[in-house]
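Enquirer: Next come the chains, spelled out residue by residue.
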Amino acid sequence: MRRVLVLMCFSMCFSACRPPALIPPGATSQLPPSHPPILVDVAPKEAPRLLPAEAYVRTYMQLFGAQTLLEAQQKAKGKDGNQLFDNWGDYLTTLGFPDHRNDLPRARETNALMIATFERLGIALCDRAVERDFHAPMAQRIIFAFDPIDPIDSSQFAERFDVLHRTFLGYPSKLAPPGRIDRYYKLYKDTQTKHAKTRLSPTEAAWSAVCQGLIRHPEFLLY
Amino acid sequence: MLNRRQFIQYSSAAIALAGPLGRALAQSKQASDEFFIFIHAAGGWDVTLWSDPRNERRGIVEPASTANTDTGPIRLWQDAPLDSDVRSFQLIQPPGSRIVFGPGIGRLADFFDRLCLINGLAMNTVSHPDGTAYSATGRHLSGGRALAASVDAMIANELGLTQTFPAVSAQFPSSFAGELDRRAVPLTVERVGSIGRVLARAGAWEKPEERDSVTALLSEEADSLAARAEERGALDGFALQNGSLAKMLGGGLDEVFNENRLKTAWPQFDYKARFQGGRAVNAAFTVEAMKRNLVRCVGFALGGFDTHGNNYKTQAQVQQEAFDLIAELLKTLDTTAHPTRAGRRLSDHCHVLVMSDFCRTPQINLAGGRDHYPNNSALIISGRFKPNYTFGKSDPEQLLPLRAKRFSDGERPIAPPDLLATFLSAFAIPPRRYLRDGEVVPELLRS
Numbered sequence: 007m008r009r010v011l012v013l014m015c016f017s018m019c020f021s022a023c024r025p026p027a028l029i030p031p032g033a034t035s036q037l038p039p040s041h042p043p044i045l046v047d048v049a050p051k052e053a054p055r056l057l058p059a060e061a062y063v064r065t066y067m068q069l070f071g072a073q074t075l076l077e078a079q080q081k082a083k084g085k086d087g088n089q090l091f092d093n094w095g096d097y098l099t100t101l102g103f104p105d106h107r108n109d110l111p112r113a114r115e116t117n118a119l120m121i122a123t124f125e126r127l128g129i130a131l132c133d134r135a136v137e138r139d140f141h142a143p144m145a146q147r148i149i150f151a152f153d154p155i156d157p158i159d160s161s162q163f164a165e166r167f168d169v170l171h172r173t174f175l176g177y178p179s180k181l182a183p184p185g186r187i188d189r190y191y192k193l194y195k196d197t198q199t200k201h202a203k204t205r206l207s208p209t210e211a212a213w214s215a216v217c218q219g220l221i222r223h224p225e226f227l228l229y
Numbered sequence: 019m020l021n022r023r024q025f026i027q028y029s030s031a032a033i034a035l036a037g038p039l040g041r042a043l044a045q046s047k048q049a050s051d052e053f054f055i056f057i058h059a060a061g062g063w064d065v066t067l068w069s070d071p072r073n074e075r076r077g078i079v080e081p082a083s084t085a086n087t088d089t090g091p092i093r094l095w096q097d098a099p100l101d102s103d104v105r106s107f108q109l110i111q112p113p114g115s116r117i118v119f120g121p122g123i124g125r126l127a128d129f130f131d132r133l134c135l136i137n138g139l140a141m142n143t144v145s146h147p148d149g150t151a152y153s154a155t156g157r158h159l160s161g162g163r164a165l166a167a168s169v170d171a172m173i174a175n176e177l178g179l180t181q182t183f184p185a186v187s188a189q190f191p192s193s194f195a196g197e198l199d200r201r202a203v204p205l206t207v208e209r210v211g212s213i214g215r216v217l218a219r220a221g222a223w224e225k226p227e228e229r230d231s232v233t234a235l236l237s238e239e240a241d242s243l244a245a246r247a248e249e250r251g252a253l254d255g256f257a258l259q260n261g262s263l264a265k266m267l268g269g270g271l272d273e274v275f276n277e278n279r280l281k282t283a284w285p286q287f288d289y290k291a292r293f294q295g296g297r298a299v300n301a302a303f304t305v306e307a308m309k310r311n312l313v314r315c316v317g318f319a320l321g322g323f324d325t326h327g328n329n330y331k332t333q334a335q336v337q338q339e340a341f342d343l344i345a346e347l348l349k350t351l352d353t354t355a356h357p358t359r360a361g362r363r364l365s366d367h368c369h370v371l372v373m374s375d376f377c378r379t380p381q382i383n384l385a386g387g388r389d390h391y392p393n394n395s396a397l398i399i400s401g402r403f404k405p406n407y408t409f410g411k412s413d414p415e416q417l418l419p420l421r422a423k424r425f426s427d428g429e430r431p432i433a434p435p436d437l438l439a440t441f442l443s444a445f446a447i448p449p450r451r452y453l454r455d456g457e458v459v460p461e462l463l464r465s
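Protein sequences, first through last, are from chains S and E.
The opening residue of the first sequence carries number 7 in the working numbering; numbering runs sequentially from there.
The opening residue of the second sequence carries number 19 in the working numbering; numbering runs sequentially from there.
Do not take every clue at face value.
Result set (DSSO-like, lysine-lysine): computed pairs, CA atoms no more than 27 Å apart in a straight line [to be verified]:
| # | chain 1 | residue 1 | chain 2 | residue 2 |
| --- | --- | --- | --- | --- |
| 1 | E | Lys290 | S | Lys83 |
| 2 | E | Lys265 | E | Lys309 |
| 3 | S | Lys200 | E | Lys225 |
| 4 | E | Lys349 | E | Lys404 |
| 5 | S | Lys192 | E | Lys349 |
| 6 | S | Lys85 | E | Lys309 |
| 7 | E | Lys225 | S | Lys192 |
I should point out that these hints are in silico values taken from the structure, not numbers from a laboratory.
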């Protein structure tokens with residue numbers, strides 16, 4: 007019995023002292039040339055969602071050409087009282103800001119009232135932009151940085167629409183889903199044709215409508 | 019015999035159909051002329067002053083008394099002996115009432131024959147946001163976020179999608195979660211007047227038809243994007259909400275959302291009351307909007323209940339003003355015609371649920387106030403619920419919820435999910451469609 011134990015101890019010692027077995031690297035094989043490249047799936051996996059309300063307000067400020075909220079408010083109101091704009095305080099809750107005084111959380115989904123607020127703000131921004139830009143030198147224009155010729159054909163419209171599309175949606179209009187330029191051209195023409203006499207000329211009203219259609223666009227509001 | 023493949027195909031089709039079909043069937047039997055009012059007593063009310071009155075020292079209960087309460091403005095306060103120099107209040111039980119109230123109930127005591135009172139609601143929380151969410155959704159918060167839709171969104175989703183405003187929420191703790199129709203997202207505002215300002219449109223720049231053309235184009239754009247999207251919920255909602263916008267703008271709704279006009283139209287509400295006066299306009303809005311059949315659910319908050327310190331002296335007055343306002347609202351609904359049912363009063367088809375975050379401690383703290391306590395009460399005023407009825411109770415010595423009945427998971431107190439499940443079931447809405455927890459309590463329902 008003792009002899010067996012001694013033999014076992016010796017065999018264990020020898021096996022523990024043996025150098026580690028080396029496994030030589032195998033030959034690497036290349037993918038056959040006919041094999042298609044493996045694509046990385048970069049498709050968005052989350053549903054489109056709202057940005058924090060602060061992002062909208064900061065963007066509106068930038069588009070109004072204002073440094074502060076108060077300046078944006080003054081520009082939006084103009085000398086017309088509350089016709090186009092009241093004050094930011096009236097819109098903050100409906101834009102989805104949290105209300106810490108009342109423990110109301112940040113809105114995470116659009117609702118019909120938020121859509122109405124986007125419309126109210128979009129109208130103020132676009133109408134004021136039309137009034138300002140079309141009477142300013144080209145270098146000082148913020149939104150409508152083009153010459154609003156009249157009459158305008160579809161290709162001339164597309165060229166100008168592209169300027170607005172890049173401003174509001176951040177990419178060339180040619181890359182938009184098919185039919186978008188035609189739809190906006192139709193909106194432009196219909197508005198220009200039907201526009202009754204207001205403070206805006208038919209051409210100004212038509213460009214304002216196009217501007218509103220972009221600043222209220224789902225791609226502007228959701229990401 | 020079906021083979022395995024056929025079985026799977028037929029089962030999948032049946033499951034796919036079950037949702038919309040089930041909903042369509044359920045909706046077909048649900049009433050669509052009902053209106054709902056949800057009121058949140060924000061801050062946590064002291065139930066010992068109204069629903070679960072305590073006027074003697076027992077266990078850890080220190081009742082409201084002349085030592086800790088300003089009794090002067092409380093109309094129903096009548097002294098009852100407590101100490102040699104300190105008085106508590108006498109319990110209030112109007113003739114014919116099976117409910118015993120405290121003096122905070124105010125004029126709502128006159129409506130005892132319509133009240134269904136739930137006491138001993140187990141809250142399992144003493145945090146304001148959590149208690150609020152638990153009362154309104156039946157779920158505790160997770161990471162500060164509501165996990166379920168609030169009761170107004172649930173009801174709006176079932177019964178209100180065709181209304182111009184399915185759910186309006188003026189500081190009511192509304193939340194939206196789950197696979198609900200996006201039109202049911204509660205319109206959350208600080209004040210109803212904000213809605214009027216958001217809906218105001220000037221005619222000096224463009225005409226309504228021009229704005230409508232832009233809105234129509236945007237609905238089309240949203241539809242076109244939704245058709246290409248992997249997840250189309252938000253985009254579909256966008257298109258639907260743009261559709262609702264035209265309805266909202268076309269109704270001439272200035273009077274409904276103009277606070278001054280509301281106050282003139284409904285002078286019976288006390289807009290100068292010390293604590294609830296500023297919120298009384300929400301009651302006026304509720305009646306006006308329901309009279310015009312614009313809304314399905316209105317939720318609003320009443321405040322001033324969070325009384326940790328010396329301000330506890332005003333708790334009874336805060337309650338009295340809140341319940342006076344609700345009483346006045348009921349009285350007004352009684353005299354207002356239903357917009358679609360000829361010969362019926364609005365109150366016949368109006369259902370009110372009043373809730374709070376939790377209740378306040380039975381002890382008075384060192385600052386002279388009461389802190390948060392995991393018990394609660396709720397109030398339902400609805401033709402579908404038993405009137406002049408109290409369900410549930412609390413411990414006489416500790417004010418903690420006591421077992422109310424045997425539920426399927428054993429004997430336990432009633433909790434907010436049970437209350438919400440019962441509320442939904444009263445309108446033939448299957449609770450499991452919205453609530454993970456909770457069990458219908460048939461004892462609360464009118465047979």
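Enquirer: Determine for every hint whether it applies to the structure shown.
Expert: Hints, verified against the model:
As the CA atoms of Lys290 (chain E) and Lys83 (chain S) are separated by approximately 32 Å, the hinted pair breaks the 27 Å bound. With a CA separation close to 17 Å, the supplied pair Lys265 (chain E) and Lys309 (chain E) stays within the 27 Å bound. Under the criterion of a C-alpha separation no larger than 27 Å, the hint pairing Lys200 (chain S) with Lys225 (chain E) is consistent with the structure, at around 10 Å. A C-alpha spacing of about 19 Å is found between Lys349 (chain E) and Lys404 (chain E), which places the hinted pair at or below 27 Å, so the restraint holds.
Pair hint Lys192 (chain S) plus Lys349 (chain E) does not hold up; C-alpha atoms about 54 Å apart against a cutoff of 27 Å. With a C-alpha separation of about 37 Å, the suggested pair Lys85 (chain S) and Lys309 (chain E) falls outside the 27 Å cut-off, and the hint is violated. For the proposed pair Lys225 (chain E) and Lys192 (chain S), the alpha carbon gap of about 17 Å is at most 27 Å, so the pair holds.
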